[in-house]
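Given next are the chains, with one letter for each unit.
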Amino acid sequence: MTAIPLGVPRRLVEFTLDGQEARVPEGSTVLDACRAAGKDVPTLCQGDTLTPKNACRVCVVEVEGSRTLVPACSRRAEPGMEVRTDTERARHSRKVVLELLASSVDLSTTPGAAEWIRDYGAEPDRFGPGAARLDEVPRVDNDLYVRDYDKCILCYKCVDACGEQWQNSFAISVVGRGFDARIAVERDAPLTDSACVYCGNCVEVCPTGALSFKSEFDMRAAGTWDESAQTETTTVCAYCGVGCNLTLHVQDNEIVKVTSPHDNPVTHGNLCIKGRFGYQHVQNRG
Amino acid sequence: MDLRFGDSKPTDEERAAVDALLGPPESSWEGADRSDADLRWARGGRAARDRRDLLLPGLHAINDRIGWISEGALDHLCRRLTVPPAEAYGVATFYAMFSVRPRPATVLHVCTDLACTAAGAQRLCEGVEARLGPGSGVSVERAPCLGLCERAPAALAVRAGDPVRTAVSAPATVEAAVLAASAPDSAPEEPPAVLAVPQAGDPSLSLLRRVGVVDPASLDDYRAHGGYAALRRAFELGPAGVIREVTDSGLLGRGGAAFPTGRKWQATASQPDRPHFLVCNADESEPGTFKDRVIMEGDPYALVEAMTIAGYATGAHRGYLYLRGEYPRAVHRMQCAVDRARTRGLLGDDVLGQGYAFDIEIRRGAGAYICGEETALFNSIEGYRGEPRSKPPFPVEKGLFGKPTAENNVETLVNVLPILTAGAPAYAAVGTARSTGPKLFCVSGSVERPGVYELPFGATLGELLTLAGVRRGLRAVLLGGAAGGFVRPDELDIPLTFEGTREAGTTLGSGVVMAFDDTVPLPRLLLRIAEFFRDESCGQCVPCRVGTVRQEEALRRIAERTGAAAADDIALLREVGRAMRDASICGLGQTAWNAVESAVDRLGAYE
Ligand code: SF4
Ligand code: SF4
Ligand code: SF4
Ligand code: FES
Ligand code: FES
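These protein sequences, in sequence, are chains A and B. Going by our numbering, the first residue of the first sequence is number 1, and it counts up by one from there. Going by our numbering, the first residue of the second sequence is number 287, and it counts up by one from there.
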């Protein structure tokens with residue numbers, strides 16, 4: 001989880017990756033090995049700061065001797081393993097999973113999705129116009145961030161970030177089951193009636209834009225959101241002495257959102273409400 | 287962890303239901319009135335958090351007493367156990383038997399699954415709904431298989447209160463089901479378990495021999511019929527000896543995966559990490575299965591004894607019996623058996639005076655097929671959503687509460703009794719070389735004598751169906767339940783062994799055999815199977831969560847079509863099915879397409 005490796009050097013595990021010898025430090029995942037070897041394996045629910053839940057299944061690969069495909073993001077490399085990442089079988093599953101996802105939710109703000117859909121030849125429309133979709137309206141119930149579950153792929157990242165892996169607020173959870181499963185607070189109430197402390201760490205990890213800053217949501221609605229015109233500046237938060245790093249995303253001389261570098265050993269990308277949302281005073285030019 | 291609770295208060299009744307389970311709260315930190323002492327110190331916290339596993343029993347307590355779980359009640363329970371309300375809400379909404387919305391105190395679950403559909407569940411539902419409309423004080427819910435398939439169609443009434451009352455009506459008529467719902471106390475007794483055993487009295491029976499012979503309430507009667515001889519033998523052999531005996535017997539797990547039991551026990555026993563746990567999976571929810579229920583209702587001490595032996599062999603001092611929530615009579619009989627065994631020193635600190643401590647705790651499921659998956663079952667016991675965990679690590683290493691755990695289903699465990707009393711060689715002589723011992727089959731559908739049958743492995747499907755009195759016009763047989771596959775009437779010579787069914791390209795699964803004659807519309811049946819998986823998917827992984835929905839949609843589209851008109855959708859189903867089988871996390875998603883595929887390929891459905 002730590003981006004900067006700490007501790008004693010680890011032993012190397014040797015295995016075969018697409019017929020080539022591969023060596024990774026003990027404890028690495030197959031995905032780590034793929035990335036080190038420059039192989040492109042799509043991932044959605046995997047997050048660099050979280051223990052993977054392996055729920056999305058777009059990263060599946062073939063492992064010799066395994067009855068089913070194996071999620072690269074969470075299977076640890078073992079000595080002697082034979083892994084194949086680009087077989088027809090693995091590609092087929094990834095394609096179908098992308099089709100299933102794209103036919104049920106809105107992936108328009110998911111980085112990578114459009115390219116993968118093209119690369120894998122996925123045709124989400126083939127389930128027909130009657131295919132069930134989430135069809136939810138965005139929930140705008142506070143001034144800081146918006147929950148648009150029509151874009152949610154149920155990757156569990158926000159739940160893990162809010163709960164035991166980072167924030168310890170446990171404000172949100174998966175409720176219901178099957179296709180009806182959703183992310184929600186207790187009683188599915190507005191966020192303002194929940195345990196949420198508005199740290200925005202869930203927004204930080206959301207891979208689809210289902211959770212987004214209100215500023216971004218409003219600008220997208222107005223058609224003024226333009227990532228290519230934004231600059232990013234990383235600085236230190238001035239509120240307290242912890243020294244969290246903030247990355248200010250600025251468009252037209254206005255801060256439009258604040259993120260935090262995931263490889264920062266202090267924050268791992270997490271912030272509190274002040275660092276994440278308390279930037280209005282900077283641009284208060286009145 | 288910082289918990290925030292809402293302002294909603296429980297009613298006195300709700301508070302009483304929770305406190306009856308957990309005892310009165312000790313301080314205002316866990317929901318009592320505030321005292322001066324409470325202002326000076328905080329209690330609860332860590333100590334209470336260790337009781338997270340009481341969340342499911344707590345939800346049951348509220349749901350049993352009130353009929354649904356209100357915000358105030360849930361908050362109170364969360365405060366008592368230090369569980370975040372959002373998580374508890376996620377757990378409560380996971381289970382079909384709980385409601386987080388107000389509903390009438392009485393719920394009538396009417397089974398609409400395979401055997402019941404074949405026996406006219408549709409008409410039953412409509413009739414019941416017509417009689418018990420809004421304002422009747424009864425909520426009628428269409429249910430997946432209730433495990434009463436030998437008496438299809440079936441209905442189960444649950445009336446909330448203190449105590450909760452239940453009544454089963456099977457085979458149900460509209461009148462009987464309505465009576466069960468409106469007056470559960472005066473509804474007629476269920477027939478004894480032995481009526482589900484058409485072979486009763488046959489001296490060749492081993493696993494079922496005591497059903498109908500012993501009084502399920504009497505420990506003495508159980509002992510008079512050979513009970514506790516196996517446990518005595520186990521103590522003579524010692525744990526390693528028991529494992530050797532079970533390994534030599536060749537016993538394979540009967541839950542569907544057919545894993546060697548001896549190996550599982552050995553792997554658990556040898557883990558250095560402590561404590562070890564034993565879990566008995568009595569959550570049989572595979573449509574068409576009811577054998578575990580019949581054993582638990584008819585011979586409950588056999589399971590208590592078998593669990594004790596398994597615990598002893600694997601080094602566990604605590605066994606959890608995770609029992610299907612829809613089996614009120616089995617819960618009751620098992621609870622009696624466990625309590626009496628404890629009073630008589632057959633459970634507790636010093637079992638049979640041998641210095642071995644073992645106790646059994648019964649946990650009720652709450653309506654989720656997926657909780658039959660072993661790791662989902664652990665999550666459920668621990669008070670989390672019943673979602674399967676990804677493996678590795680395997681349960682023998684990290685199972686219940688993260689500790690080494692041996693998990694077996696009821697049928698597997700009761701096989702240990704004849705293994706120990708007759709010895710491994712005698713046991714292994716029954717059946718075939720690779721599938722040893724006796725096997726239980728749940729036969730239902732178009733047969734004269736539906737019920738649980740016990741045959742040595744190796745009997746053919748045809749022999750079993752002849753025993754059960756198959757009716758004329760047999761169209762198809764579903765082997766292994768919804769996760770299994772269909773076979774044709776000209777394939778009845780398939781030997782009922784793990785290897786024989788595998789060679790025939792099908793599966794024995796959990797031992798379900800459902801016969802359908804030509805009056806049963808096949809497309810309707812396939813659609814029901816698809817609906818079942820869509821309803822029961824936990825929703826964790828994409829291939830299964832969305833795939834089961836797309837599968838159902840395609841089957842709905844082609845319900846009335848055949849040939850070229852269906853070909854597109856069949857091709858689509860194949861592609862989605864293949865990805866579900868390959869990429870789903872657990873067995874549910876991996877097998878959800880099996881039955882439909884077999885119907886297309888073997889039965890020529892839609893041709
Ligand atoms: S903003 Fe923070 S506290 Fe609120 S839901 Fe997201 S992670 Fe949880
Ligand atoms: S809201 Fe975002 S982070 Fe949360 S589950 Fe959905 S997609 Fe994942
Ligand atoms: S396969 Fe289905 S039931 Fe199993 S984990 Fe995935 S969604 Fe849940
Ligand atoms: S990225 Fe591996 S399963 Fe989602
Ligand atoms: S009880 Fe209805 S199908 Fe099993």
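Do not take every clue at face value.
Within a straight-line C-alpha distance of at most 27 Å, the following computed DSS-like cross-link-like pairs (lysine-lysine) qualify [to be verified]:
1. B/Lys677 - B/Lys689
2. A/Lys274 - A/Lys214
3. A/Lys95 - B/Lys677
4. A/Lys39 - B/Lys677
5. A/Lys39 - A/Lys95
Treat the hints as calculated values from the structure; they're not laboratory data. Predicted, not measured: the structure shown is a model, and the values here were computed from it.
Consistency of the hints with the structure:
1. B/Lys677 - B/Lys689: Satisfied, since the Cα-Cα distance of roughly 14 Å is no more than 27 Å.
2. A/Lys274 - A/Lys214: Holds. A/Lys274 to A/Lys214 sits at ~15 Å (cutoff 27 Å).
3. A/Lys95 - B/Lys677: Holds. A/Lys95 to B/Lys677 sits at ~24 Å (cutoff 27 Å).
4. A/Lys39 - B/Lys677: holds (25 Å)
5. A/Lys39 - A/Lys95: With a Cα-Cα distance of about 17 Å, the restraint between A/Lys39 and A/Lys95 holds, given a limit of 27 Å.
Violation of the numbered hints given earlier is absent; every hint is satisfied by the structure.
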